[in-house]
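Start from chain A and add chains B, C and D according to the hints.
Chains as they are written, first to last, in the numbering used here: chain A, 1 to 170; chain B, 1 to 446; chain C, 1 to 397; chain D, 1 to 977.
Rather than coming from a laboratory, the hints here were simulated on the basis of the structure.
Take these hints with a grain of salt, some might be off.
Here are the simulated DSS-like cross-link-like pairs (lysine-lysine), alpha carbons at most 30 Å apart as the crow flies [claimed, not checked]:
{"id": "1", "chain 1": "C", "residue 1": "Lys-244", "chain 2": "B", "residue 2": "Lys-360"}
{"id": "2", "chain 1": "D", "residue 1": "Lys-694", "chain 2": "D", "residue 2": "Lys-328"}
{"id": "3", "chain 1": "D", "residue 1": "Lys-145", "chain 2": "D", "residue 2": "Lys-174"}
{"id": "4", "chain 1": "A", "residue 1": "Lys-19", "chain 2": "B", "residue 2": "Lys-298"}
{"id": "5", "chain 1": "B", "residue 1": "Lys-103", "chain 2": "C", "residue 2": "Lys-286"}
{"id": "6", "chain 1": "B", "residue 1": "Lys-359", "chain 2": "B", "residue 2": "Lys-211"}
{"id": "7", "chain 1": "B", "residue 1": "Lys-360", "chain 2": "C", "residue 2": "Lys-174"}
{"id": "8", "chain 1": "D", "residue 1": "Lys-328", "chain 2": "C", "residue 2": "Lys-286"}
{"id": "9", "chain 1": "D", "residue 1": "Lys-707", "chain 2": "C", "residue 2": "Lys-129"}
{"id": "10", "chain 1": "B", "residue 1": "Lys-298", "chain 2": "C", "residue 2": "Lys-162"}
{"id": "11", "chain 1": "C", "residue 1": "Lys-351", "chain 2": "D", "residue 2": "Lys-707"}
{"id": "12", "chain 1": "D", "residue 1": "Lys-61", "chain 2": "D", "residue 2": "Lys-707"}
{"id": "13", "chain 1": "A", "residue 1": "Lys-155", "chain 2": "B", "residue 2": "Lys-18"}
{"id": "14", "chain 1": "C", "residue 1": "Lys-286", "chain 2": "C", "residue 2": "Lys-162"}
{"id": "15", "chain 1": "A", "residue 1": "Lys-19", "chain 2": "B", "residue 2": "Lys-31"}
{"id": "16", "chain 1": "A", "residue 1": "Lys-10", "chain 2": "B", "residue 2": "Lys-211"}
{"id": "17", "chain 1": "D", "residue 1": "Lys-496", "chain 2": "D", "residue 2": "Lys-174"}
{"id": "18", "chain 1": "A", "residue 1": "Lys-126", "chain 2": "A", "residue 2": "Lys-155"}
{"id": "19", "chain 1": "B", "residue 1": "Lys-191", "chain 2": "A", "residue 2": "Lys-2"}
{"id": "20", "chain 1": "C", "residue 1": "Lys-162", "chain 2": "A", "residue 2": "Lys-19"}
{"id": "21", "chain 1": "B", "residue 1": "Lys-359", "chain 2": "C", "residue 2": "Lys-161"}
Which bits of chain A does chain B cover? Going by a derived footprint, with three or more residues having C-beta under 8 Å, they are [stated by the list, open to error]:
{"id": "22", "stretch": "30-44"}
{"id": "23", "stretch": "51-60"}
All figures in this text were calculated on a predicted structure; none of them were measured in a lab.
The C-beta atom is built at its ideal place from N, Cα and C for all residues, glycine as well.
Letter by letter, the chains look like this.
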Amino acid sequence: MKLISGYFNKEASLLEAVKSLRANNIKIKDVFSPYPVHGLDQAMGLRRSWLPRAAFIGGAFGAISGFLFQAWVFTRAYPIKIGGKPFLATPSFIPVTFEFAVLFAAFSIVFAYLLKSNLGVGANNKIYDERATDDRFVVVLDTSNVDEQEAEKIKSKFEETGAEGIKYEE
Amino acid sequence: MSDISTREELIQGNKDLKTITDDVFNPIVAKPNKFWFAGLLLAASAALIGVISIVLTVWKGIGIWGVNKTIGWGWGITNFVWWVGIGHAGTFISAILLLFRQKWRTSINRSAEAMTIFAVICAGLFPLIHMGRLLLGFFILPYPNTRDVWVNFNSPLLWDVFAITTYLLVSLVFWYVGLIPDLGTVRDRMKTKFKKAFYRLLSFGWTGSAKHWQRFEIVSFTLAGLAAPLVLSVHTIVSFDFATSVIPGWHTTIFPPYFVAGAIFSGFAMVLTLMIVARKTMNLQDYITINHIELMNKIIILTGSIVGIAYLTELFIAWYSGVEYELFAFVNRATGPYWWAYWIMMTCNVVSPQLFWFKKLRRSIWFTFLMSIVINVGMWFERFVIIVTSLHRDYLPSSWEMYKPTIIEVLIFVGTLGIFFTLFLLFVRFFPVIAMAEVKTTIKNK
Amino acid sequence: MKSNIESIMENYNITFQFSKKIKTILAVFIVIGVASLAYGIFAYSPTKVWSALLLNSVNFLTIGLGATFFVAVHIITQSGWHVSVQRIPEAISMSLPFGAIFMIIMLFGLNNVFHWIHEVHHDPLIMKKEAYLNVPFFITRLFIYLAVWILFTYVLRNLSKKSDLNDGLKYYNKSRTYAALFIVFFAITIVTFAWDWLMSIEAHWFSTLFGWYVLAGVIVKSFAVIIIIVAILRKLGYLEFITKENIHDLARYLFSFAIFWMYLWFSQFMLIWYANLPEETLYFIKRVDNYGFLFYLNLILNFLIPFLVLIVRKFRRILWIVTSIALVVFAGQWLDHYLMIFPGTMLDVQKIGIFDIGLTIGFIGILLWTVLQSLTKAKLLPKNHPYLQESFHYENL
Amino acid sequence: MTKYWKSLDGNSIQNKKEKVEKKSSTNRRDFLKTFGFGLASTFILSRCENAAHKAIPYLIKPEEVTPSIANYYTSSFFDGDKFNSILVKVLDGRPIKIEGNDLSSISLGATNSITQASILSLYDDTRYRKPKVNGEDSDWGTIDKQIIDQLKKAKEEKGKIAIVSPTIISPSTKKVIADFIKEYPTTEHITYNAISVSGLLDANKESFGKRIIPNYKFDKAKIIVGINADFLGTWLSPVEYTKQYVQNRQVSEDNREMSLHIQVESGMSLTGSNADERIIINPSEEQNLVANLYNYIANKVGEEEITASKPTMKITELGNDLLKNKGKSLVVCGTNNKETQLIVNGINQLLENYGKTISFNQALLTKQADDLEMADFIKNIDSYKGIIFYDCNPVYDYPAKEKLTNAIKNIELSISFSAIPDETSEIVKYVCPAHNYLEAWNDFNPKEGIYTLSQPCIHPIFDTRREQESFLKWAGIEQEYYQIIKQNWKSAVYSKTNLAFDFENFWIKSLQDGIIELESNSSEPKYKNDLSAIKITEPKSELELHIYESVHIGSGKHANNPWLQELPDPVSKVTWDNYAAISPFLSKEKSLKTGDVIIISGTMEIPVLVQPGQAKNTISIALGYGRTVAGKSGKDVGTDVYQLIKTDGYKEYSTDITIEKTKVFKELATTQLHDSMEGRDIVRETTLDKYKEKPSAGNERHKEIEKHHNTLYQEYVYEGHHWGMAVDLNACTGCNSCVAACSIENNVPIVGKEEVKRAHEMHWMRIDRYYAGDPENPEVIRQPVMCQHCGNAPCENVCPVGATNHSAEGINQMAYNRCIGTRYCNNNCPYKVRRFNWFDYNKSDALEGNLYDPHGMTKDLPRMVLNPDVTVRAKGVIEKCSFCVQRIQEKKLKAKMENRALQDGEILTACQQTCPANAIVFGDLNDKNSKVSKLFEQQRRYHLLEELHTLPTVGYLTKVRNKKGKKSNNKDHQKHA
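Here chain A stands alone, though its shape is the one from the complex (with noise of 0.2 Å):
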């Protein structure tokens, strides 16, 4: 795989260098910053993250898991009389839901994105650049089905936006 990465400095050029990339119709493998850059993903042309649905689902799940549980353990599994209470004790069980449903929600969101984005205990993404998450910002594309004139425009972009510098890579 043959990439070529363009490394700029200032949030502002890469911006710049990546909208100039995108309506030249090239494909751009990924950009790595330091920080989360505003507008960024607009630029890029990402969709937006389904991950918020993971949470609603896990929310859901453990709402009604959470309640349900309770009530059979109430009034199935093993009724006792409490207090006077009546078994099925509704607002006594609002509390316990909720926390379900927050945990549920909490650890399925966080799961797929650990998941979808291949991060976790021992993971080794390719690092292309260790400044990447310090104070630069580094575009990556891929050339390898690209042809020689292609690859020079990519690289006279990347100049005019005002790269710092251009790595090429086998």
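For chains B, C and D alone, coordinates are given in the frame of chain A:
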């Protein structure tokens, strides 16, 4: 991003991306100073004493505490509520302030969240060790067993189990999700092989990819959305421990929001205590500026006033209710044998925060530090007043008793302080204390 | 986004034009209200009529009050997002004097709704409360509340209006002090107001949370009303500068405070349910037993519907959906007041009928009239507001 | 209530009350058989170690023993002071509980706390294991030989021998002693009572020619005046008197009359605290007051007056009240002053009470000793060659300690029969330990015409021998004491009855009933008296000491019983100590507060207790404390005041003293710190006049509250049983017997003084005591509080593990095994009746080395007293009243096995069963005809803190005070509705 000229820069010192990284990274690799070691030694010793006291309690029995037939909960649960309260600020800062777009939170949320987690750990200890039969404490979990007994879902103490566990786990996850990018930064800057491997493990393979960032933001925001009601629920449920009962002084409907306000109040005070020390010792004045302190002080006035209004509401309704037990409970608080605790509480929590209406005091580091201690003391006494003065004279005068803690109870409290500070000192040594990536988004010079 | 900024520039000087057509419609509303009132006086007991008047007066008053609170809170927190809609709560807050008039009219009907007024001399429990529950003090309190609230409302409104002409920051900074003072006064008086006018209807009953619970309702309602007015103005062709993000934010607050309202409702109910002390449960027993349907409907309108709909991000960004929910919540809050008042004042179980709705329509007519009238008095966008830009430059995740 | 027995010889022996049938053992063979079962267990018992590990199954099961089913044996308790007819519950060979024998006309099934707790002395770890010579262990052969030698020697030398004992009421023992004296004619039998009534006896002798205590009939009196006589707590026969007293105190809608009780006293006694009116006097005013009362009445009825100075207080009203109730009044006086008692006799005579409320039929025989005889003996003690101490401990409980001690040390032959080490047995030469009363045969004649038996319920645990056997042995009589009793009964009792057709049957019946009451209707003796010679003592103004008997510790004999020590004093609620009770007035004057130590007359240090209702210039101190030789529970607990009793002439229980303040503070272990009801609606009360008008008087709030009883959820409907309890506050005297019974029945641990100070006491029930009104003369009100078994129990809601929940029969139950000890339930209990196991009190913890057992209750021997039907609770769990669920289950099961419905009254809770005041009634609320349901229908019924809607199933009946038309001055706790 267009300039919004009216807002001041959140951090000072005209930082750029590089200097921010340096400022946060350097303490991790630098050799810690004497104060750090001295602090750790002190904290760890205190923790050890606490652990010994806990072991003694479990072995000998709760009888070595000062609690008695009338006052079933004393220091133990007071400390529990106090610690849980402190454990509210971190998540409040990172979740609710995130939802309210209060960008200034970025300088303090990392350490505040860490503090939250440590405080919740300390808090969680107390309900466990105050059990008469800690070794059978697992009964409190609803697990299938041959006797087919489950737990009592009516019990607020059980709700606590779920609330505290959920809160601890979600806070931990929330905190760690935020840490991952910064751990990536540390990893990439780390030179020594072993440490690099260590941080590689911790950083979960973070690269800084735009897609990751996009998801990171949405996950953070969703977690904030979940954590915001969660943080309310935790102290609400803690307040239910008291409010569901029929004990005058405990059973009052205002408890849930008032406990939450009180928790945030005390939590911010603790954040201030720690931040004021940390910014000084770790040279973070540029990040945790006087503006940050002022803003936190404003939240302290707000929450302190809410607490104050709640106190007055309780007092008024105690009279208005026409229920003699209610009225007595409050009169007894103010004039009974524990009057001093009540007035410490009143002075520290209601009167003194009002001094922050003066801008000069709000922006005085020393005064703020003093106040943060005062408020923590006051909030400790609030819980003490609620628990002890309500119990010690409830319905039947024949059972009225006095409560005095034993040295063991005091040492356990000291022990949790030790645990808390030990963990915090280790945290500042090995983790980025400031959320670099988030601070980087706020600066204008990028 | 450029188009947005441009349009803002164009709209800087626009004020609302209160057209004849709208006035006619509102006049019809008011006529319906008056007719209903006349019918009510004719057909129902004075207690019922006064109860309905109390419901609508309190509802009316708290809408205006909630708006002032909204303005003040955003000033002291130095918020920016709301600037594009700020003139709407300001306009709503100008209804406050009318609300005050209704409250003063209510003074003539106190005997009909507050049973403590006649029982204070022989009911031993109420006798204990006489130091607080006595008519002169009650009326004095009302006048203090109204005077101070109206005073602050006008001060804040004027400072805001002045900022249009002059340096925004100067007036803004000035208004911060007043806003802070108002908040302090409001925080205490909204609670005592709730005790006076709502809790004391059932003078035996008490709940420490009650004041804050009413406050939560007022906040939710203020967001609902703002959203409704925004929608009306949009319909009439104004406020094109309002972005999806602004709507999203309003919806988010509506959503959050609906949850917060539910939280307080639950806290109050659950604690009373749990302890089951007769002195406290009597309040809920009346409502659950006699008004069961409305009791649960209250939760559906104020929590379940807004929660289930607005939890979806997409829906939070669609004005008509948000507006529908706002209307539901508005109705829900009205119902909440209904449930606070009627089971307490009326001995026999009541049904919501044409009279109640007609009267409310009348009050809504008056409210809209005053609000729209005030909107004509100032520009729709506070162009010198220091955080104006911010209002257009943020995104909701 | 008891075990149903098939009679042993196959004859169906019917009881008077059919449902109560009691075990008897017929003859020696049967006796042996009865105890055959015990051999294995007692063998193990005596070896103490490995007790539980070597249970041996029966090869051939004795027919009357079913493992885990209790047998009840009739017996009698007499400690030389007070008598009680009892049943002993024996389970698997161990006596574990004492109940009253309801066939006894004396106690009618009730017991007092001392009787209840006496079971523990059987298992007292300090008991002598063997006979001792000069403090060294010995054996009976050796010791008998030495003693007989010495006795013979004394006989030859005509040396005097004394048997010192308390009043002996056992006819057979008396016979044995007589036989012994026949053998050794130089022997004298000297009796003394630690708490003496010599003055009363001699006064009666003078007035009536009979030196006995008459039969007081409190139930016949419309007005009772007690003068320093704590007849409900300690005086003579308190259980009997309580039973009588409450008959006229328990009002109901059908019977709205009650007696008027006026108590004249110096210290606040249990009786005084129950009085409708208390008149406070210093001890020195007593005679003056009595004389003036006599004169007032004499004047009205036209009799001659005696010379006395002006009364120190108004007695007109008192006199008029008495006069109004001629023949229906009763004046009793507790003094040991003969003159005073003579005047009291005179008063009763003027009031025509003899033959009506006081009778010489069935006179009480429990105290007959003569102070002068004992004083004389002490004076001449050095002239004796030998002294035998029979069931007494004069070195402790006789004031002339030093003299006695020296004399005993110098005497050649000194013998003590004491079963446990005491001050006397410690210095005698020979200790011949007697059996515990539960191990031995004996008979008693507590009242004229009333004979009772006590039978062994367990094989003697140690190598001990009953006193009578020792006497017989030493007198050279080869006869068993058991046979002597039987013979004696045949001649002395059987001959006077026609209860059975032959003696064996009579004997079986006697054993089965435990009591035989003979008809007796001898005519009342004539009164003849001349009071004119009496010189009335003038009241003094100096500080006086008033020495009294405490309700639980009594004479001090049972001081080593931790159950008694831990029972709170009925009035002061102090445990584990005595104290100098001073009046609030004196407290202010001398600036003394509770716990300050003072020095009395330069000799003894004692902490002060500020006691409302105490006479201003009088300090009251209880006897029975300050034992120097006793087990851990009795030794050095409190201060001994026997030495302050004057013994020249009649013992004087009051004397002049001086006090001196010290800087020492000694905290008293009190179970109740707050004395005021704080104007709360806790105990509801009314006056008799108001009650007569309206039975709901004082209880108006009940209806009001019931009206507002609304709930957000349906109340549970109990099908089947719904257990409930009614407590009559008008009957309860606060004697604490119920607390003792409850603790014993339910294995409630002893925590000791230090823990009581820390409010860690474990009693499942308590008797709350409040004062109201003027602190110098307050009204006292009491309320027994146990778990209220609420239908809407706040405790149940909050237990995270559901360890406490509700049974289908309405009992708030505890699953100890489930409890994790959060104490949340206790916090949430408005009645604060839950108790937490702060430490490992009974060696049941999983962890080692953390036993907390200050009084050795977990040692193998005391542990034998545990009730195996009730779980001992581990460290860290909550416990509380269970309505004696084990008793409920037992009776339910029994009814089921007998295929019949459970009868009302069949189940008795431990507290109910022992209550001398009939204040507690337990039963099924679903049974509309049950006693408890009937009581619940009373308009006096209310529930504690009922406004909380906890729906307790314990109901209280309001207290009614007989206050004659006076305006109630107790606004303090009269709630306006």
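Hints and how they fare:
no.	hint	result
1	Lys-244(C) - Lys-360(B)	41 Å, violated
2	Lys-694(D) - Lys-328(D)	26 Å, holds
3	Lys-145(D) - Lys-174(D)	24 Å, holds
4	Lys-19(A) - Lys-298(B)	42 Å, violated
5	Lys-103(B) - Lys-286(C)	48 Å, violated
6	Lys-359(B) - Lys-211(B)	44 Å, violated
7	Lys-360(B) - Lys-174(C)	18 Å, holds
8	Lys-328(D) - Lys-286(C)	58 Å, violated
9	Lys-707(D) - Lys-129(C)	22 Å, holds
10	Lys-298(B) - Lys-162(C)	27 Å, holds
11	Lys-351(C) - Lys-707(D)	27 Å, holds
12	Lys-61(D) - Lys-707(D)	60 Å, violated
13	Lys-155(A) - Lys-18(B)	26 Å, holds
14	Lys-286(C) - Lys-162(C)	51 Å, violated
15	Lys-19(A) - Lys-31(B)	44 Å, violated
16	Lys-10(A) - Lys-211(B)	19 Å, holds
17	Lys-496(D) - Lys-174(D)	19 Å, holds
18	Lys-126(A) - Lys-155(A)	22 Å, holds
19	Lys-191(B) - Lys-2(A)	28 Å, holds
20	Lys-162(C) - Lys-19(A)	43 Å, violated
21	Lys-359(B) - Lys-161(C)	27 Å, holds
22	30-44	holds (count 13)
23	51-60	holds (count 4)
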